[in-house]
Amino acid sequence: MDHPVVHEVSARDGFLPIKTNAFDRGFIGVVFGIFLHLLWMRFLEQAIPLWVCTILTVLIGIYIVKRG
Amino acid sequence: MRSPVTGWLFLAPTILVLVVFGLVPFIYVAVVGFFDWNPFAANPDLVFAGVNNYRRLVFDNQFLRSIGLTLQFTFWVVLSQLIIGYLLAQLFMRDFPLKGLFRTIHTLPLLVAPIAVGAAWRLLCVPGLGPLPFYLNRWFGIDFRLGSFEHQAFITTVVMDIWHWTPLVTLTLLAGLSAMPKEPFESAQVDGANRWQTFWHIMLPLLKPVLITTTFIRLMDALRTVDEVWMLTGGGPGTATRYIGLHIWRVVFPQTDYGYGAAMSLMTLYLTIMLCWFLYVGLVARKPRAS
Numbered sequence: 682m683d684h685p686v687v688h689e690v691s692a693r694d695g696f697l698p699i700k701t702n703a704f705d706r707g708f709i710g711v712v713f714g715i716f717l718h719l720l721w722m723r724f725l726e727q728a729i730p731l732w733v734c735t736i737l738t739v740l741i742g743i744y745i746v747k748r749g
Numbered sequence: 389m390r391s392p393v394t395g396w397l398f399l400a401p402t403i404l405v406l407v408v409f410g411l412v413p414f415i416y417v418a419v420v421g422f423f424d425w426n427p428f429a430a431n432p433d434l435v436f437a438g439v440n441n442y443r444r445l446v447f448d449n450q451f452l453r454s455i456g457l458t459l460q461f462t463f464w465v466v467l468s469q470l471i472i473g474y475l476l477a478q479l480f481m482r483d484f485p486l487k488g489l490f491r492t493i494h495t496l497p498l499l500v501a502p503i504a505v506g507a508a509w510r511l512l513c514v515p516g517l518g519p520l521p522f523y524l525n526r527w528f529g530i531d532f533r534l535g536s537f538e539h540q541a542f543i544t545t546v547v548m549d550i551w552h553w554t555p556l557v558t559l560t561l562l563a564g565l566s567a568m569p570k571e572p573f574e575s576a577q578v579d580g581a582n583r584w585q586t587f588w589h590i591m592l593p594l595l596k597p598v599l600i601t602t603t604f605i606r607l608m609d610a611l612r613t614v615d616e617v618w619m620l621t622g623g624g625p626g627t628a629t630r631y632i633g634l635h636i637w638r639v640v641f642p643q644t645d646y647g648y649g650a651a652m653s654l655m656t657l658y659l660t661i662m663l664c665w666f667l668y669v670g671l672v673a674r675k676p677r678a679s
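Protein chains in written order, with the numbering used here: chain V, 682 to 749; chain P, 389 to 679.
Because the hints were derived from the structure by calculation, they are not lab data. Predicted, not measured: the structure shown is a model, and the values here were computed from it. Careful, some of the hints might be misleading.
[Said to hold, decoys possible] A short list of chain V residues far from chain P (calculated; beta carbon distances all over 12 Å):
| # | residue |
| --- | --- |
| 1 | Ala-692 |
| 2 | Ala-703 |
| 3 | Leu-737 |
| 4 | Ile-741 |
| 5 | Ile-743 |
| 6 | Arg-748 |
[Stated by the list, open to error] DEER-style ranges, computed between Cβ atoms:
| # | chain 1 | residue 1 | chain 2 | residue 2 | range |
| --- | --- | --- | --- | --- | --- |
| 7 | V | Phe-724 | P | Glu-574 | 50 to 60 Å |
| 8 | V | Arg-693 | P | Phe-414 | 23 to 33 Å |
| 9 | P | Tyr-658 | V | Val-739 | 16 to 26 Å |
| 10 | V | Arg-693 | P | Gly-580 | 37 to 47 Å |
| 11 | P | Asp-531 | V | Phe-724 | 36 to 46 Å |
| 12 | P | Leu-399 | V | Phe-716 | 53 to 63 Å |
| 13 | P | Tyr-658 | V | Phe-696 | 43 to 53 Å |
| 14 | V | Ile-741 | P | Phe-398 | 14 to 24 Å |
| 15 | V | Arg-693 | P | Phe-587 | 35 to 45 Å |
| 16 | V | Ile-741 | P | Gly-670 | 55 to 65 Å |
| 17 | P | Gly-580 | V | Lys-747 | 32 to 42 Å |
| 18 | V | Phe-724 | P | Ala-430 | 34 to 44 Å |
[To be verified] Stretches of chain V that chain P covers, calculated by requiring three or more beta carbons in the stretch to come under 8 Å of a beta carbon on chain P:
| # | region |
| --- | --- |
| 19 | 694 to 700 |
| 20 | 710 to 723 |
Glycine included, every Cβ here is placed at the ideal spot set by N, Cα and C.
Assemble the whole structure, with the sequences as input and the hints as a guide.
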């Protein structure tokens, strides 16, 4: 009987300091987004609303997933 | 005959346990973190609060101080345990009389429940009754009062944790040392390497996977220390040993502020993940520099 096909998730080099697959980069994007939101709430929210940070986080997250 | 169904059937119990006892509580805590919830208040319902709990958290000086204290505690505890654990593991690699007995005695603290360790150390530290204040005063002239001096309370919690968990580090490093091949050390000896060179260029790289695994285990454990410190100092004097686990306990149970407690718990998990990730990147997965 044939062995079941294993789909390996390919790791690749990007600007991040480690080789990552898509899940890693998504995870790093989320972790970074939480960090940015916490900093924003502490230091910037009184001047700039939080949804600006959320949009920024989504953009940076996409960048990390594509190029990280 | 091999079939994916058989594999999934074997995995099913583990996945079930992980989902029921890991994933579901995690999602529950994550959801509660976005609500105000005090089940014993006039309105016991969950009231959606958005990110208000997290907004409150970043301005909560007591919480931030608890994080700072926990990081200090974790740093000293993990570093000391690695150094002492390594030295003890090296000692147990040599032959000496009654080695088996000493190794067994050395492992005994691991068998004691943390709450019992805290209780025992509390008895050791009671002024006028415990041997620790008595001998510290007699031999070194130190006025040891756990309930009065903040630095003494902090150091005692660190020493207690080292006493309790160093055997675990020793055992894992001992396993790592026992599994090492002899050939690289013999080659180094033939090449005239001194002890420091052998340690730095051969021993440490070979031991690195075990060291890193042990560091991760102890780091995650130290970040969520509650019971033994709770028994020894109760988080005091003042807030000198109110580590993050104790702080969450005080907010969730006596104050019954479940939503905020859930937010703090998630923050602690986040901190643990961040620390482990940075360690992982720094020690394990770093890409080689382009020459």
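task = Could you work out which earlier hints the structure fails to respect and list their numbers in ascending sequence?
result = Those not satisfied are hints 1, 12, 13, 14, 16, 17.
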